[in-house]
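2 protein chains.
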Amino acid sequence: MGSAHAFCIAEGGVEGMCLTAVCDINSERMAPIIKKYPNINTYTDYNALLDSDVADAVIIAVPHPLHSEIAIKALISGHHVMLEKPVDISVSKVKKLNQVAEKSGMVFGIMFNQRTNPLYKKAREIVKSGALGELKRTVWIITNWYRTQSYYNSGDWRATWSGEGGGVLLNQAPHNLDLWQWICGMPQSVTAFCDIAKYHNIEVEDDATLITRYKNGAVGTFITSTGEYPGTNRLEISGTLGKIVLENETLKWWKLKTDEREVCSTSTESFTKIDTEYTELTVDEPETAHRGILQNFTNAILNGEELIAKGEDGIFELILSNAAYLSSWSANKEIELPFDCDEFDKKLSELSKNAKKCINHPKSSSTTGYRERWKVQW
Amino acid sequence: MGSAHAFCIAEGGVEGMCLTAVCDINSERMAPIIKKYPNINTYTDYNALLDSDVADAVIIAVPHPLHSEIAIKALISGHHVMLEKPVDISVSKVKKLNQVAEKSGMVFGIMFNQRTNPLYKKAREIVKSGALGELKRTVWIITNWYRTQSYYNSGDWRATWSGEGGGVLLNQAPHNLDLWQWICGMPQSVTAFCDIAKYHNIEVEDDATLITRYKNGAVGTFITSTGEYPGTNRLEISGTLGKIVLENETLKWWKLKTDEREVCSTSTESFTKIDTEYTELTVDEPETAHRGILQNFTNAILNGEELIAKGEDGIFELILSNAAYLSSWSANKEIELPFDCDEFDKKLSELSKNAKKCINHPKSSSTTGYRERWKVQW
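These protein sequences, in sequence, are chains W and V. If you read the first sequence in numbering that gives the first Met the number 0, its first letter stands for residue 0, the second for the next number, and so on. If you read the second sequence in numbering that gives the first Met the number 0, its first letter stands for residue 0, the second for the next number, and so on.
Just so you know, the hints here were simulated from the structure itself, not pulled from any lab data. Treat the hints with care, as some may be off.
As the list makes no split between identical chains, a pair holds if one copy fits it or if it spans any two.
The calculated lysine-lysine pairs, modelled on BS3-like cross-linking and capped at a C-alpha distance of 27 Å, are [unchecked claim]: (1) Lys-254 / Lys-272; (2) Lys-197 / Lys-95; (3) Lys-197 / Lys-127; (4) Lys-197 / Lys-254; (5) Lys-72 / Lys-345; (6) Lys-332 / Lys-346; (7) Lys-272 / Lys-197; (8) Lys-272 / Lys-256; (9) Lys-352 / Lys-95; (10) Lys-34 / Lys-345; (11) Lys-251 / Lys-95; (12) Lys-332 / Lys-345; (13) Lys-374 / Lys-72; (14) Lys-127 / Lys-34; (15) Lys-256 / Lys-197; (16) Lys-127 / Lys-256; (17) Lys-352 / Lys-332; (18) Lys-214 / Lys-197; (19) Lys-197 / Lys-374; (20) Lys-346 / Lys-94; (21) Lys-121 / Lys-332; (22) Lys-214 / Lys-332; (23) Lys-374 / Lys-251; (24) Lys-197 / Lys-251; (25) Lys-102 / Lys-332; (26) Lys-332 / Lys-197; (27) Lys-214 / Lys-254; (28) Lys-374 / Lys-120; (29) Lys-272 / Lys-374.
Pulled out of the complex, with its shape left as it was, chain W reads as follows (with noise of 0.2 Å):
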């Protein structure tokens, strides 16, 4: 990931960013940026990269149980720092990571790249403003992640309670759990069902369903699984004032004339329909994905311009996942949030240090450029 990143930033696909560093403790890694780019400087130690004077901004493409250890000292020594996700693999040390970033003055962002689909930004439009009245109910089937044992066996660190801390809900699922949280708010608890190694030969759950409660009592399920295919990417939003549906690159928007509320108590018939309105919106504008966060990113940092996905805001889809973790670890009892952190960090530390150790995979090789994959696949 982070190559692909420094070769979108070399080949000038970022204005106003450019590549001056790059850094990764197997040295190997770097050759295929260096054969291109001999004159980019290179550290196998990223604190030599933040001691030096080489880089305003660095973006950070590790294991993710290093993320925020990594992200507060780049923020301490002055350097913009664009996270990869999810922010971390524990909540405790995002807290931590959010303290720091805010009083470094520093711009901080993360890579939710699907923020920027514009069904997704559409169906937040729709949501916030208020036309779909109070939530009712929102389901999110997201069961196209499939990926082959082979996938698992490309990292040893995959899969793995201390490598990722975690299985689909940390590796894959987190830009749902993200565009979940943004367009439709946090829950009032988390209940997971989780099925570790269901379909493949890891440590971790690669099949999982919540069930989310709200404020108003609205309930959410969220399905997801990287053993289905061919999967469903299916988000349904249901509210008082309709209902909108996100499948197939659609997004379909029934807007009902009357608030249901209203029709339900006033009406004389006990099976009414209620005159609705139905509109289909399909995609008017390009996916800018990682390349459109990389230049939100550097627009904040040279013109103030408004992130659009906030490194703070890494901390609301992980809350959803460690909580989910700990339903799962707990009979699938309902966890409140916001929920023990120490219970958490406790229970998956045991889990770490009693997992079996990693068979030795081969690495997996580095990327050369964004793939068509990492958009949001319907």
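Dock chain V against chain W, hints included.
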């Protein structure tokens, strides 16, 4: 409902069946049919009807808690029985009914009229034939059972623990719960989140989410409500050989050319695509609905035709809804099947006793024919 069946038969809607008698404790309700067919025998006590020699078969359409009691008497007295859904409100009562039915030698059917829908029949055929492979997941969002407060006010037995034995899971969703188990089979456990009086002034739930677990580890999600508009009717079933989705009167079928389990373990690619054959099936025969079930019942009596919905099958969907209530009464605990019937009956009895007495709402008017809305709504 009883009136609608009576008119259907009296008008010759069912070949081989004729209407000889009607029975209602409220004689006013029989007025419309007597007016049109003055020679019909009438009763206000069903025992008198059963003791007479007036009928070979009876259709029972009374408040749910009376179903098994009347059905048992009808079977013992030598009548073939067509019972309205749900079969009763407690599984313990239905066990007794099924024992009696088995010994009776009479034809015993249940009004699961949605089993006549060609798309559900096709879905069942696909799953049962093994064409989807092993079940991985099933999700049914069936929230298009919209009801106004006026509906609930239309009968004082409606939406009460003592009168109906439950809410949307007992009255509306039985069709879907039955189809779900008919197509996918019965799960091994049920966890449920039921919301009482969320959208209406009633005693029971009008919103429910069930998580079911099947023998092979597959997970099911069932979401229903009478408070959303416009609702959704979307059934998804995912297996090792592909996926089917039923929505908008269409069955979409993605059929994999190679079993996903084989691809997962043998592919050397991390992100792979599996060759898929896609088919869309629409309705090619009518949904015969109630009339179809009655015709089949008649043919079963006269010619031994196999029943579309055996009365004994009524217990399955009731096991799901009873277990769902037990779960929601027990802090959303996972209820293993078979569940403890005594515990369920005790809790239901307490709720029935403690429930607030119903206001004497106006009775609903008699229905003179089948309604389109009783067919599957997409």
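If the cutoff is 27 Å on CA atoms, where do Lys-197 and Lys-95 land: within, between, both or neither? Let me know, please.
-> Neither. Shortest intra-copy (34 Å) and inter-copy (39 Å) distances fail the 27 Å Cα cut-off.
At most 27 Å between C-alpha atoms: does Lys-352 with Lys-95 qualify within a copy, between copies, both, or neither?
-> within (23 Å within a copy, 53 Å between copies)
Can you give me the call for Lys-34 and Lys-345, within, between, both or neither, at a CA distance of at most 27 Å?
-> Result: close neither inside a copy nor across copies, 44 Å intra and 76 Å inter.
Should Lys-272 paired with Lys-374 be assigned to within, between, both, or neither, using CA atoms and 27 Å as the limit?
-> This pair counts as between: shortest inter-copy Cα distance 16 Å, intra-copy 39 Å.
Up to 27 Å CA-CA - Lys-197 versus Lys-214, copy category = Intra 33 Å, inter 13 Å, cutoff 27 Å: inter-copy only.
Is the C-alpha distance from Lys-214 to Lys-254 at most 27 Å within one copy, between copies, in both cases, or in neither?
-> So Lys-214 and Lys-254 pass the 27 Å test inside one copy only (23 Å; across, 41 Å).
For the identical chains here, do Lys-272 and Lys-256 meet the 27 Å Cα criterion within one copy, between copies, both, or neither?
-> within (11 Å within a copy, 43 Å between copies)
Which holds for Lys-127 with Lys-34 at a C-alpha limit of 27 Å: within a copy, between copies, both or neither?
-> neither (48 Å within a copy, 57 Å between copies)
Which holds for Lys-214 with Lys-332 at a C-alpha limit of 27 Å: within a copy, between copies, both or neither?
-> both (18 Å within a copy, 22 Å between copies)
Taking 27 Å as the upper bound on the Cα-Cα distance, should Lys-332 and Lys-197 be classified as within, between, both, or neither?
-> both (21 Å within a copy, 22 Å between copies)
How would you label the pair Lys-72, Lys-345 (within, between, both, or neither) given a Cα cut-off of 27 Å?
-> within (25 Å within a copy, 61 Å between copies)
Are the CA atoms of Lys-254 and Lys-272 at most 27 Å apart within a copy, between copies, both, or neither?
-> within (13 Å within a copy, 37 Å between copies)
In the structure shown, a violation is registered for the earlier hints numbered 2, 10, 11, 13, 14, 21 and 25, in ascending order.
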